[in-house]
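Protein chains in written order, with my numbering: chain H, 1 to 338; chain Y, 1 to 255; chain D, 1 to 409; chain A, 1 to 514.
Among these hints, one or two may not hold up.
[Claimed, not checked] Under the rule of at most 27 Å between Cα atoms (straight-line distance), these lysine-lysine pairs were calculated in the DSSO-like manner: (1) K407/A / K340/A; (2) K434/A / K145/Y; (3) K305/D / K31/A; (4) K145/Y / K31/A; (5) K123/Y / K340/A; (6) K136/Y / K123/Y; (7) K145/Y / K137/A; (8) K132/A / K123/Y; (9) K123/Y / K434/A; (10) K407/A / K87/Y; (11) K124/Y / K132/A; (12) K120/Y / K83/Y; (13) K347/D / K340/A; (14) K83/Y / K407/A; (15) K145/Y / K120/Y; (16) K340/A / K145/Y.
[As the list claims (entries may be wrong)] Taking beta-carbon pairs under 7 Å as the criterion, some of the chain D residues facing chain H (in silico): (17) A58; (18) G59; (19) K130; (20) A133; (21) I156; (22) S161; (23) N184; (24) G264; (25) F265; (26) G269.
Everything labelled a hint here was simulated from the structure, so no lab data went into it.
Predicted model only: the values in this text are computed from it and were never measured.
Beta carbons: idealized from backbone N, C-alpha and C, even for Gly.
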Amino acid sequence: MNKTIFFGALATAALAAGIAGASTLDEVKARGKLNCGVNTGVPGFAEPDANGVWQGFDVAVCRAVAAAVLGDPTAVEFVPTTGKTRFTALASGEIDLLARNTTWTFSRDVDLKFEFTGVNYYDGQGFIVNRNLGVSSAKELDGATICIQTGTTTELNLADFFRGNGISYEPVPVETGAEGVQQYTAGACDAYTTDASGLAAQRANFEDPTAHLILPEIISKEPLGPLVRHGDSEWADIARWTLNALIAAEELGVTSVNLAELAAGTDNPEINRLLGSEGDLGGMLGLDSDWAARAIGVAGNYGEIFANTIGEATPIGLARGLNAQWINGGLLYSPPFR
Amino acid sequence: MAEAAKLQVSDEVAITIHNMNKWYGTFHVLRDIDLTVQRGERIVICGPSGSGKSTLIRCINALEEHQAGSIEVDGTLLSSDLKNIDKIRSEVGMCFQHFNLFPHLTILENLTLAPIWVRKTPKKEAEEVAMHYLEKVKIPDQADKYPGQLSGGQQQRVAIARSLCMKPRIMLFDEPTSALDPEMIKEVLDTMIELAEEGMTMLCVTHEMGFARQVANRVIFMDEGQIVEQNEPEAFFLTPKSDRTKLFLSQILGH
Amino acid sequence: MTTLADRPVTASTGSFKLSMLLNDSRYRSLTFQFIALIAIIAFMAFVGGNLVRNLTAAGLNISYAFLGEPSGYDINQRLIDYDSQSSHGRAAVVGLLNTLLVAFLACITATIFGVVAGVLRLSNNWIVSKIMAVYVEIFRNVPVLIWILIIFSIMINVAPSPRDFRGDDATASMMFFDTIAVTNRGVYLPKPIWGDGSMIVVAVLLASIVGIFAYRRYSRKQLFDHGKMVPVLWPSIALFFVPVILVQLILGNPITLSYPELKGFNFRGGITILGSLIALWFALAIYTGAFIAENVRAGILAISKGQTEAAGALGLRPNQIMSLVVLPQALRVIIPPLISQYLNITKNSSLAIAVGYMDVTGTLGGITLLQTGRAIETILLLMLFYLTVSLLISFFMNIFNNRMKLQER
Amino acid sequence: MSDTPAQNVAFVRTSEIPPSPPPTRETGAIKWIRENLFSGWFNTILTLIALYLVISIVSGAAPWFYNGVWEADSIRECRDILAGKTGACFAVLVDRWDHLVFGFKYPQDAYWRPLVAFLLLLVAAAPALFGKIFPRKMLILTAIYPFLAYWLIWGGTLWLPVLVAGSIVATGLVFRLVEGMAVNMRQILAGVVGLLFGLGLAWLLFKGAAELVFIASNIGGSGLSVIPYAVFWAAGIFTYVCVIPMGIFVGYAIYQSAEDGGLVTIVTALFAIYIMLAYLLGPVSGAFNSIIPLELQAVPSRDMGGFMLCMILGTVCVTLSVPLGIVLALGRQSHMPLIKGVCVVFIEFVRGVPLITLLFVANVMLAYFLPPETSFDLILRVIIMITMFSSAYIAEVIRGGLAALPKGQYEAANSLGLNYVQATRLIILPQALKISIPGIVNVAVGLFKDTTLVSVISMFDIVGMIRGPIQQSTDWISIYWEVYGFAALLFFVVCYSISQYSQWLERQLQTDHR
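From just these sequences and the hints, can you work out the full model?
So, in structure tokens, the structure goes:
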């Protein structure tokens, strides 16, 4: 062992201990970049395009936060994480925000010391089967071989569902979505289960999408949302209210088209407060007044982002469903901006 | 024999070994060795294999440690002080049975290595000295070859030259000819004789009795870790006193 | 052995001085070791302090209590009882046994592949030796992870799925008189059902195996004492099969087979060997087999031509030269690298996750880690497990190796 | 001989018998086939089986290659073009070529940089690998290469690597300078350096002891943790006790060494390099760059990917692990029990666990062991772990080389008065390393293949690229054979060439002058 290097490191450690405890916001500002953890690739949610630029629904959250904090939606360092690495990456400070389809559960929130800052997609676990299997309900899958992507809550839900219904199954764990599809299409498993959004996304790319049926049962609640470390409430607030701003913007009718016009001031005091022409909500967050306008300006409001990345017009083709605004019968409900 | 008498032996003491003992584990290899070597003296040590003769001379330059007694070389006590060990090693040259040349270095590099790194001699000077000694052992033309390209006799002569380059005051030889073909033994012995004639203090473990007669002042016979008999060569060979020596001589000279 | 650090220690003179710590060979090594000890302790302080600080900052602690909690997930291959209500600790044991299973199977198969390929590569038959050379080079020079993925892909895409066996226009059918089904989910084999009296059949089988060894001994004795060559191969085979079949028939078939049948979604009944196991097993075996083949070839070539010539000059026939002279010596060269190949198989089996085989990396280091978030604890346990297995394998194989050596002296 | 009378035994040859060609038997193809393919019933059967295998593999794979589609934008388009025929969809290789080779984030206009670095690698490696063919002067290229390659691949200012190289050279100069000083000058220097170093060490030890006590107090002494609690307390007190004596001793030792120069030269040189690297490098390279800007677009580590990442990891880790392996091997040969023990434990531990668990450590555990706020990026953490891994294997190879040296080499070096460092450097290592080279090359090939395991920890090397962004993209969702086959081919080409080199080298060594 090289003693000098080691003692040097020891000295550095002693120095570092002194400056520890700077807030995440200050760190991000000092760095000029937001480190955002994303999935290694889920069509529509997070995937690098042919030019290596990350695109997708989860990615949009990162960009919105970057725009709000740093004023530049491209000032994001995307850190691909797997199911295994995501929590350590966040806990160790490698990333500032984890915007990867991560289910908000009690133990993750409390035991693993993370803070979920809201829900950007309400999902649920479903099954896909080949039509010629003649199955129309998940309860008929007694004895079936089922492919599951490991490292998510889906494994636990699946075990609970079959146990609860008193039927048996044989799990086939797969590491990536692509391998699940590979096995499923080759017939190595009868059904493939993951979040319903993922099933729809992947079915769209099958050779013959119509030959496959997504079963009606949704066996779990999967509220997916961005999360941050425990203990830095200021930073958690920024992430939470950036997401809320996107949702509220849709509710209030603020779109990328009319954003500039509305930002100048309107008759609606809530829009004014949101976009910073009235009050100083931004200042309370430690940001400037038009933070939300910048966040919305990146790719529009929640509805626009949804439509452009995973909506019905895209190859993914997801309907709003639970993810509609509460006024339209969905679950999206931003607390008021006041 | 007559020649041997001509060689100068001074009164100065080169090596004093007093009451030296050594064990390998529980095996007592050297027992109560007492030996004093004058400067310029040429000693041949002989004895059956396993009698401790190699171990004795290897103790002198600290290749082996001794556990009891004392060894003093040129007034420096061989202790566990590394500075003393380094001093003694730079005074004492050694030649091995299997030459132990460094196969990855040329002959010249073999010769200049220690002068440059231990004596801090400038490279050019070291090379001049090396060439001088190579000429002395009569193989200056092989300087740029590698040891593997030389015959055994040539290699041993290079090994002698390598030791000489450090300008030692004492030379130790550990069976220098026993790994050689008969043709080559002579060329090595000639080199050693030449060295002896220049007055080098030499301790030589060998079975070459002709060499012993020609150059040695003293022949030491060892058995079972002890010095059994020592005498001038003529007396040693003609009138050995101990039965053990007689038996040994009859076996070694018998054929 | 003398190394350079090993300066002699001789009788001392004079009193102790500080400089002796550096210059005296009695103290010098102690000094160095003391400094090393200080460095190690300092390293511990550095690492441990950071760990404590980081854990405190994150509000975490080190605890192995999660091992006792219900795991909540299912495992498709289990050698012991396990369900989703079992503990994480039990899941780890299931995974551990799966690791040992695949490693064991792959070691045996790889040895067979390796020995066959290694010997055939030295064959006079040009095409056979070239094919073996191609096999060895192709498999040795491509990462094992890629081989695992390719072989798994081949298996699930080429083998029929169970639905191909179904219906009147089935495109696939079972093999060997409807006893074995090969599907992309795995291979389904008949399973013996132990009826009354089956123990007798097993006993007879064991007895005939003992008998075969006794017979071989007898034949060797015949050769040594009376100089007679007694045939060995065919009587051995007969001794193996005939008594068992006779007893089985006489007792009225106590051992029956249950055959796999296509029921519902899958084949049921019989023994199932999962596709993921087969793929991993085969991939590890064929990959490592290429390395073993090289070791075997090197071992045989290392036995100098002189040995063969000497044996030939004594009048031994080629197969006798091989079995009596070359192989016993070659084995001594082959076994040490073979041990390290076995270790490699065990370690490479941790890539099981790529095919969804639930080995210990998949359960303890995979799902358990993910569900509990206990990264430090699970990874330490995982490393401890592999370390133990590796040390045990090298320990036993070294004993074996030493015995081999002793016998030859 | 026929004209020699039988009874006359004495004989003198007067004329040479000229050599003549061997008797002509049947030659040519038929004989060859009969001897090599059908020389017995067993061989004939083997030949037939082998022929059947070859034919069936070729006939199975040929249409797949022959019908291969090279131009399409997605797998669906490929399927349309093939219209049900068996055929490969090589279009993915064309479409995602950049991703497979460079990863998806490396700037496209900078692709020439890794390419140049790769070509230079061949040039730089040549004199080291084929020592006899190329002049020794070319080794300078090999020494320069790491700095150049760093600059090419990571970008940034050229002054940084130049100055790092410069500092290393400068350290060597300082070393020479101190070595060449007059003894009284050196004594003054040794006094100053010894004082500084002793004080610094004492301060560090004091910090370390405080840290140990801090750990102990955090563990708490109850239940299972009694033993670690006691251990850390004891170690803490031990260190406190050692603070002052160690400081004094080390300072004194440095001062003492002034006469023969040993320690003081090394410590001063290390001081010099530390000051240069830690305090001078950044500002000076910045200043130089503002005067003469020699800059390439900087590329962060996490943007490396594809086959390039495998190459980077492979070369960097092998290069770093050779010196580390030498140290470990020498340590394992040491007669000091503590040092030997540490090396043995390290080597056996690393060799006993799979690389993948070490990568998990790099990925999820290492962050907990490093000071808070230190941000090692993933690639650096992975390099550390892989280097540790391969150094253990290389250490074992080198240990074999050391063991193969005859004892006489050590003795000859000793008897000439060379000290440990000199003998090791000049006599032992050059020979041991030469014997070990084929073994080291084998470790290097194995390590290069193992770099694909980083895909398991979400790095996008070529396999990670395939399993992540390519297979999970909308366009190429279920493509396997073509991409895996391509990856296999790339690895085969590289590894096969290296292993051929290794075999060539082994033959060279056998016929070498030894």
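Hint check results:
1. K407/A / K340/A: holds, 20 Å
2. K434/A / K145/Y: Holds: K434/A and K145/Y sit about 19 Å apart, inside 27 Å.
3. K305/D / K31/A: Given that 27 Å is the threshold and the Cα spacing comes to 26 Å, the pair holds.
4. K145/Y / K31/A: violated, 48 Å
5. K123/Y / K340/A: Not OK: K123/Y and K340/A at ~37 Å, beyond 27 Å, violated.
6. K136/Y / K123/Y: It holds: about 20 Å lies between the C-alpha atoms, which stays within 27 Å.
7. K145/Y / K137/A: Roughly 21 Å between the alpha carbons, so the hint for K145/Y and K137/A holds.
8. K132/A / K123/Y: holds, 25 Å
9. K123/Y / K434/A: holds, 25 Å
10. K407/A / K87/Y: Between K407/A and K87/Y the Cα gap is close to 23 Å, so the pair holds against 27 Å.
11. K124/Y / K132/A: Given that 27 Å is the threshold and the Cα spacing comes to 26 Å, the pair holds.
12. K120/Y / K83/Y: Holds, because 16 Å separates the two Cα atoms, which is no more than 27 Å.
13. K347/D / K340/A: Cα-Cα ~25 Å, so holds.
14. K83/Y / K407/A: The hint holds at about 23 Å.
15. K145/Y / K120/Y: holds, 24 Å
16. K340/A / K145/Y: violated, 38 Å
17. A58: Given a least distance of 5 Å, the restraint on A58/D holds.
18. G59: Status holds, d = 5 Å.
19. K130: violated, 34 Å
20. A133: A133/D check fails; min Cβ-Cβ to chain H is 33 Å, beyond 7 Å.
21. I156: Holds, about 4 Å.
22. S161: With Cβ-Cβ at 3 Å, under 7 Å, it holds.
23. N184: holds, 5 Å
24. G264: holds, 4 Å
25. F265: With a closest approach of 4 Å, the F265/D hint holds.
26. G269: Hint on G269/D: violated, closest Cβ of chain H at ~12 Å, above 7 Å.
Of the numbered hints stated above, those contradicted by the structure are hints 4, 5, 16, 19, 20 and 26, listed in ascending order.
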